[in-house]
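Mind assembling these two chains? They're in different frames, but the hints should get you there.
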Amino acid sequence: MTRRRLAQMGLALLGAAPWKLAAVPPAKDNSAAPPELPSGQLPAYKKDVAGQARQASSLKKFPLGYDYEPDFVFSAIPARLRRRRQ
Amino acid sequence: MKRLPESTAFLSVTQLGDALRRRTFSSLELTEFFLERLDRIGTRLNAVVTVTADLARAQARRADAEIAAGHWRGPLHGIPYGAKDLLDTAGIRTTWGAAPFRDRVPRDNATVIARLEAAGAVLAAKLAMIELAGGGDYHMAGAAFTGPARNPWDPRRWTGGSSSGPGAAVAAGLVGFAIGSETWGSIVNPSTWCGIAGLRPTYGRVSRAGAMALSWTMDKLGPMARRIGDLGWILAAIAGSDPRDASALPGRFRPHRIPARLEGVRLGYFPVTSLPASSPVREPYRQALALFRRLGATLAATSLPDLPYGAAASLILGAEGASAFEPLLDSPAVHLLSDPRQSTGLFAGAEIKAVDYLRAFRFRRAAQQHFAAYMENFDALVHPGASSLPPLADLPFDQQEKHPVPGAKAKPAHPPAKKRKPNNYQLGGAGNLLGLPAVAVNMGFVRPAAQVGKAEPPPMPVGLEIVGAPLAEARLLAIAGAFEAAAGWYRHHPHLAV
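Protein chains in written order, with the working numbering: chain S, 1 to 86; chain U, 1 to 498.
Looking at chain U on its own, in the form it has when it is part of the complex (with noise of 0.2 Å):
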């Protein structure tokens, strides 16, 4: 069997396909590189929960006879990819990332599942998650049975959640590509900290048939790859209507091609100064705008209108995540789960009252209205994904080290009079509640100060958040493709010492 180059593990989807469709290398070659890379490096960055060797190997080797045989399915066709442990699979075990679920083995495959095999994809891991997807909320990276995942770019930090294993597995070329879910910014936040792309599509596009149940109202499945163009072969792959799933709309989808300019477009932004002072992404950002101003495109700083999208979110996601987990809270095994915090949050997500349920739900539809009118004055809205860099992975979120930058005010020097949330928790906010579509895309890499008499740590990469109208889907994925072409950024790899 053919052994692979290491520069293999970081080729994109499109790339993968060509040279399969080329035969400079097989499927099964593809896989056996792919299953040695998620045993070696996957296992050490607690990015992996099962590999499924037999079942990868299985349907390289019908891919090789497909492909030899003249029959294409589609530019997934042979690939190897991972699938958040929150995708039910026949007969392999599909934890929901926590303990209690450690020995769960569903009878069928979730639709995301049945469709990427019709597309011809390789399924080679079940992937590393936060337990229940953080559902009740979480305070350390350590928030799952499989331990904290590691950030490829420097294993001391951690990936961002909860879709960890997918960040970890794409950015470490351990998978073609990779299946997340996000209800409040789990595909966006693990996609900017590793330094990939990601898509969280809009509310409906996908269907949740045979996922994990956190919230009905605000799950959503979508994919992270190696590069923006990536994104849109697998929605294509994975969306339409099904079933099985009331939720999901009917439409394929189709990618646009991605242009080199960005004449005409108009882009919303939040001001750099509306990040914190001490932010390490301000400069990164600074340098993303002007990318996008030569690149052709109209921009224009704006905030978000002024509505409590946060506190509806919060209220939704706390309703329906208890009463998804009911059977769990009514049961011992809830002790079992391995942040405390996780079932705190849920038992006190029980106490919603009805009334207040419903009203964030009543408050979404007049939010929607508004954001719909607000949307008109744009193509897109942009901004970093997240306004600081990934916490260290073995220290809880409330005892981090700080990560000032060189330069950068500790304090503002006139403190806003009303306390306001940050610009990226109220687009996560409102585009979650309100189920809009996000694009996550590499920006630049910044490196963290260094501890005295410490080595200077490595540059973290840093993204930006792209969200549109709902359905915008291959809009936002142009404006990102064409970003991340001009950029370059892409072209980095986190350097394994694995």
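Chain S on its own, in the form it takes in the complex (with noise of 0.2 Å):
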């Protein structure tokens, strides 16, 4: 079983419509360029992914542990409560 298969049972289980499920476009491919770009941009695209690839391979130098990160805290609270609070 496929997980979309999955996925639909699991919706209709929940009462959610799988038709739904076709509305969403397919996972885009990340290795091509996307087709919205004119031809002529295609190299300095490229040029940018690559430069890209560095900069995150710099920053792999710098070991960053398994700490808590204070600066991913999700609030429950929405931010329009959250505004009328202060």
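None of these hints come from the bench; they were simulated from the model. Wrong hints could be hidden among the right ones.
Claimed, not checked - Residues from chain U that face chain S, not an exhaustive set, calculated with beta carbons under 10 Å:
| hint | residue |
| --- | --- |
| 1 | 139 |
| 2 | 213 |
| 3 | 338 |
| 4 | 345 |
| 5 | 349 |
| 6 | 353 |
| 7 | 486 |
Please read these numbers as outputs of a predicted model, since none were measured by experiment. Note that beta-carbon positions come from the ideal geometry of N, C-alpha and C, so glycine has one too.
The following block contains the structure:
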């Protein structure tokens, strides 16, 4: 059974409409340039993507450990309610 | 109506405010004066998107009535200003400098606009900018549907960006002051190249509600003016918490008195030799450091902790920018941008992996701790805001002529073994990644080399960037203000042949 079929069954059990899955676009192939990009911009695009990979690689040299990251705190209270409390 | 002398255009906010309170001229007379200059000079410099004449006249009349009735709102009351065209203005188009948004009319004012209105300031113009604040990168000054912003000191040259209109308008005396924005260099760079004062506040000091979002964790709004002292008054009017922006920090800002001397102030500086050998700003920088010593500051040569600030800042800006403009990237309108480099960069930013973005974010926290320990040794760091002069406005950046300074070596005698980014790139990357405040102040003028057979070009301003710890704006303004007063470069103004 495919993951998609499993997801459809799960949603059906929850009362959701499984046909809505059909509206989800297929996953994008990250190895290819976006089709919207004119061919003349491809070399610059590829250079940018390669540069980003180099930048990401340079950051890997710094061990970051396993600490909990307080910058990624999600609040269960919606922003609108938080504003009212201020 | 009184006709004001040309010199009025270059008065500081403080001087303009004093004249309004003494009734030397009215806010309406001052507003008409600046509106005429915006129309006559601003359009030729490509500095203006929309002149808000009707609104300005109404706000000026109200300011005059209030001042006459003895209700003085503060130093900005009755002063005409311009806002970079990424700040929402109710019922007035706000274009983000980009053709796809040239007819965008917001319903509400940005918080900064509302706060300046409450302070009695008069909105005279929405000012030009690099499209989308240069979020996807750009390769020419003309990356704006209004064309390349022209530098008032030499209109053949660019102003710098992305707050190009604010830089030109303040330097040319078209407004009393302006509000710009910086994600990475967009206040410091045009302030440096236009010879004006600029303040990039600490991240969170000023609410971004109603401003174009490019990078939620790096965007800052800040003032640009003709004198350092003005920046503090403007920041005091716009800083503070805002329920519309969760990142906005509580607490009012109060500027310090600008001291005459800098005894006891510890400045870290990057050695002159760290600039490229051909850099035309070496000599003004050397003289600026000597002036700081004469003012009593303690100077220590330093270099930034060797960390990949620029890489982390690029990844965060790239990923957040691609997300912020995702609807544009999904639309054919993306191809209406003036510079195709923009869309290329935004599309590429969409390919940054989530894990790489998150790693950059986690690195940022670690770097913050490193930097806090490093800054315990200094009250501020000083370095040129740019190591070169502004490029020519009508040529792509990669086709610019070289601007050698007579006597400069073409190459260093002993090239460094490891290729490193220049310090102003590193300082800009670190300062914006970590949300640190910075002040730009004029440090002199350099005359570009003349081309064979052509007239001698006019001298161009060069600037100093002063960076400090989070929330240290008052200290930075005091340091920059003492330097500005002693150096006296603020007395020079461009000769506008228009």
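Structure-based check of each hint:
no., hint, in the structure
1, 139, "9 Å, holds"
2, 213, "15 Å, violated"
3, 338, "14 Å, violated"
4, 345, "6 Å, holds"
5, 349, "8 Å, holds"
6, 353, "7 Å, holds"
7, 486, "41 Å, violated"
Figure legend: structure checked against the earlier numbered hints; hints not met, in rising order: 2, 3 and 7.
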